[in-house]
Amino acid sequence: MVRMRTVEISVGVFMLAGIFALILLALRVSGLSIQTAQTTYHVHAFFDHIGGLKVRSKVAISGVNVGKVVSISYDKTEMRAKVVMEIDSQVNNIPTDSTAAILTSGLLGEQYIGITLGGEEKTLQEGGEIWNTQPAQILEDLIGKFLQQSVKEVE
Amino acid sequence: MKRQRLDLMTSFITFLRRLGQSGIMRVESIGRSGVFLLLAIFGRSGFGSRYQLLLQQLYSIGVLSLVIISVSGLFIGMVLGLQGYNILVTYGSEEAVGQMVALTLLRELGPVVTALLYAGRAGSALTAEIGLMKVTEQLSSMEMIGVDPLKRIVAPRFWAGFISMPLLAAIFSVIGIYGGAMVSVDWLGIYEGSFWSNMQQSVNFADDVCNGVIKSLVFGFVVTWIAVFQGYDTMPTSEGISRATTRTVVYSSLAVLGLDFILTAVMFGEL
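Those sequence lines, one after another, are chains A and B. Going letter by letter, the first sequence gives residues 1 to 155 in my numbering. Going letter by letter, the second sequence gives residues 1 to 271 in my numbering.
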């Protein structure tokens, strides 16, 4: 009977350790927060070139993460890339004339959208558009420009 | 001349016959194992009465595997941290080592290595145990006194394996991640905050953690199935047991690695 009790206790400890490990993976490793029902609103912007931007890339103001990209598609009528962003509803005072730029974190880092605030009094609402955009910098174009310039200087 | 051709014909036909025989045997064995699985899963009568049996198996399959799982998890995590640091430091992005360790462990190494260790540690033991029961005719005597060996012997072992596997894999991943953190933060001096925040930003709960759990559930199912079936289907000789045990480890390792590729292709390959 004593043997059965130790078996029961150790199985209990095992199950508990396993479940604890799963919870740890969820909270500590994947950074899942308990309050998933965080309210957000959607804003879209058109870009000439999105570079390496992906769905789930972050959206930042002053480098602070305030949301993420939820969809990227090519808009036929606008003839540019349409990027839909989901922004935390606590950040509800973004002026309508703000600029959205596709930036790179570090030299080899991933690309994200950085929003630089404007001065307009009206703020962006659900479904609003940021019309002031800056496309991703493409390394090949930059090198091309640089070469042209140096060729001109030589001439 | 003619006779030689005739000989060739006969030997070819014999070859064909052997091939057909072994093919039929394989298919038959797969069919038998399928029926066996169905009987073992759905043939159980009530959860409560089998509680003690399941508990005993959870102990011998799950709890006793804990030591090997946690020790190998720790070392694999530490090696990943060290190797990842050495590669990433060349690009000046050694903070990403946390992300690398966590993703590798959660997506691949956690479920796969746990399944391989589990096949070696618990699977072979299951096969040998059930095989010996068959050789010593315990299974047929059980049938004789009206106890279904599928319900009494096989079903609790099967369920215990199915329950233990995801828990073991989760423990493996967590210990591995903390091993990686120990090496890269405490020893190599990566800033702790960026280690964890990089990891949390890149690891997605639904994509990475849940897919890892699904993988380990599939592996647990397959490995336990192979182990109990090989034990039940063993030739009733001492040589039969040794063959069945070997087959368990070989088949389940191959099944785990093959299935891992298919599951990865479906989950992460945007198939």
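Any given hint might turn out to be false.
Stated by the list, open to error - Covered stretches of chain B, as calculated for chain A (at least 3 residues, CB under 8 Å):
#1 60-66
#2 158-171
What the hints assert, rightly or not - Below, computed lysine to aspartate or glutamate pairings styled on DMTMM-like, alpha-carbon distance capped at 25 Å:
#3 A:Lys68 to B:Glu95
#4 A:Lys58 to B:Glu143
#5 A:Lys54 to B:Glu108
Note that these hints are calculated values from the structure, not bench results. Don't be surprised by glycine CBs; every beta carbon is placed ideally from N, CA and C.
These are the hints, each one checked on the structure:
1. Coverage of the region 60-66 of chain B by chain A holds [criterion: at least 3 residues with CB-CB distance below 8 Å; count 3].
2. Evaluation of the coverage hint for the region 158-171 of chain B: fulfilled, as 6 residues show C-beta separations to chain A shorter than 8 Å, against a requirement of three.
3. The suggested pairing of A:Lys68 with B:Glu95 holds, with an alpha-carbon distance near 22 Å, which does not exceed 25 Å.
4. The straight-line distance between the Cα atoms of A:Lys58 and B:Glu143 is roughly 63 Å, outside the 25 Å bound, and the hint therefore fails.
5. Restraint check for A:Lys54 and B:Glu108: satisfied, since their Cα atoms lie roughly 23 Å apart, inside the 25 Å limit.
The structure fails to meet hint 4 from the earlier list, while all remaining hints are met.
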